[in-house]
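Residue numbers for the sequence shown follow the numbering used here, so the first one is 727 and each next one is one higher.
Derived by calculation from the structure, the hints in this document are not laboratory data. Among the hints, erroneous ones may be present.
Below, a list of computed lysine-lysine pairs in the DSBU-like style, where the Cα atoms sit at most 30 Å apart [claimed, not checked]:
{"no.": "1", "residue 1": "K830", "residue 2": "K908"}
{"no.": "2", "residue 1": "K908", "residue 2": "K1031"}
{"no.": "3", "residue 1": "K908", "residue 2": "K879"}
{"no.": "4", "residue 1": "K767", "residue 2": "K1022"}
{"no.": "5", "residue 1": "K798", "residue 2": "K966"}
{"no.": "6", "residue 1": "K1002", "residue 2": "K767"}
{"no.": "7", "residue 1": "K781", "residue 2": "K733"}
{"no.": "8", "residue 1": "K840", "residue 2": "K966"}
{"no.": "9", "residue 1": "K830", "residue 2": "K767"}
{"no.": "10", "residue 1": "K809", "residue 2": "K767"}
{"no.": "11", "residue 1": "K1002", "residue 2": "K830"}
{"no.": "12", "residue 1": "K781", "residue 2": "K767"}
{"no.": "13", "residue 1": "K1002", "residue 2": "K882"}
{"no.": "14", "residue 1": "K885", "residue 2": "K966"}
{"no.": "15", "residue 1": "K799", "residue 2": "K781"}
Quick list of simulated restraints, FRET-style, between CB atoms [claimed, not checked]:
{"no.": "16", "residue 1": "K798", "residue 2": "T883", "range": "50 to 60 Å"}
{"no.": "17", "residue 1": "T732", "residue 2": "T1005", "range": "32 to 42 Å"}
{"no.": "18", "residue 1": "D904", "residue 2": "T956", "range": "20 to 30 Å"}
{"no.": "19", "residue 1": "I896", "residue 2": "G738", "range": "54 to 64 Å"}
{"no.": "20", "residue 1": "C826", "residue 2": "M727", "range": "21 to 31 Å"}
{"no.": "21", "residue 1": "T956", "residue 2": "G780", "range": "50 to 60 Å"}
{"no.": "22", "residue 1": "E1019", "residue 2": "M727", "range": "15 to 25 Å"}
{"no.": "23", "residue 1": "I896", "residue 2": "S973", "range": "23 to 33 Å"}
{"no.": "24", "residue 1": "T932", "residue 2": "E1019", "range": "32 to 42 Å"}
{"no.": "25", "residue 1": "G728", "residue 2": "Q788", "range": "35 to 45 Å"}
{"no.": "26", "residue 1": "R808", "residue 2": "R765", "range": "27 to 37 Å"}
{"no.": "27", "residue 1": "D898", "residue 2": "D866", "range": "38 to 48 Å"}
{"no.": "28", "residue 1": "P827", "residue 2": "R731", "range": "24 to 34 Å"}
Beta carbons are placed, not taken as given, at the ideal position from N, Cα and C, and that holds for glycine.
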Amino acid sequence: MGNYRTKMRRAGCQEVTVNAGKRSRSNPDNEPSHSNINRPKRAEVNFLPNFPQGKDPSSLDQLRQAIVEEVKKAEKNLPLIRKLMETTFPLRRQTIVMSCPPVKELLDLWPALKMESELYAEFQRITNQNLPNTFYAELDRHLLRLMTLFRQKASKTGKTADALAEILRIHDEQDIHDIHTKRTTVLHALPVYLREDVSGFFRTCTDESDELELDGVEVALFTVISDHDTTSPVHYQPVKTSVVIESDAVVSLPRFGEAFLVMFGLIYALHLSYPKALTNTLEFTQNILLGLESGKLSPRLQTFKND
727 MGNYRTKMRR AGCQEVTVNA GKRSRSNPDN EPSHSNINRP KRAEVNFLPN
777 FPQGKDPSSL DQLRQAIVEE VKKAEKNLPL IRKLMETTFP LRRQTIVMSC
827 PPVKELLDLW PALKMESELY AEFQRITNQN LPNTFYAELD RHLLRLMTLF
877 RQKASKTGKT ADALAEILRI HDEQDIHDIH TKRTTVLHAL PVYLREDVSG
927 FFRTCTDESD ELELDGVEVA LFTVISDHDT TSPVHYQPVK TSVVIESDAV
977 VSLPRFGEAF LVMFGLIYAL HLSYPKALTN TLEFTQNILL GLESGKLSPR
1027 LQTFKND
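Model the full assembly from the supplied sequences, consistent with the hints where possible.
Here's what the structure looks like:
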């Protein structure tokens, strides 16, 4: 494998050359070869592709600027944006993986990633997976069983059981039990069942002024509501739900499920780490719902998958 990787490096394969230049006999002062390795960690198929034939960073940057100008227009040419985003994908991945700029700076360079359709297209380029179709199909397939597991846990005693019982009580009091209501309930109950503290991740505010207080927020979903019951763990008819990354409200969506999915897509597209408070929930989404397996599951997730 070492000989194979040497040949790939000499051939200019980006996924190999990105980790070149480490400590060696000729460069004893460089960083250790095992530190800061850039490699696929979450089943990314196209992690760091090479530039298209005949293209270089300067020519692709001109296309990037054309995307920025097109996104600013009131009537956007969506097919053109899709085509340019496809062509500039290698430049974008190189910037994200190798330079690691702040999220706000990155989204200023590539504003099309704030568009829901383009974010899903980016996820498909990275994983060859249709994010919304696969996620909703698998989530809906498991809804009944998940609700059964949550009710079984809620019937017991303890903090987790009490929190689940409160979420299910609010769910049962709803007049409309459509698919969106069930998805919202399951996505709120899932991290509670997996014993994760979501107090800093699922947040609620009553107006725009509260939502702007985002200092120190790494990743969170802010649900904006019209009433003042901010203590309720679930809200089924919010004004909007905003995806916040690095203290910046990236995008706002009408439903909680859509915001959760966009947040997951942004973590992949921007090569971010899973927030510690929600690692089990996001690994469940990745490994079990989307089938993007990247290694052995933790004992807790493996038990949950078996159930």
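Task: Violated constraints from the hint list, given by number and in increasing order - done: 1, 27
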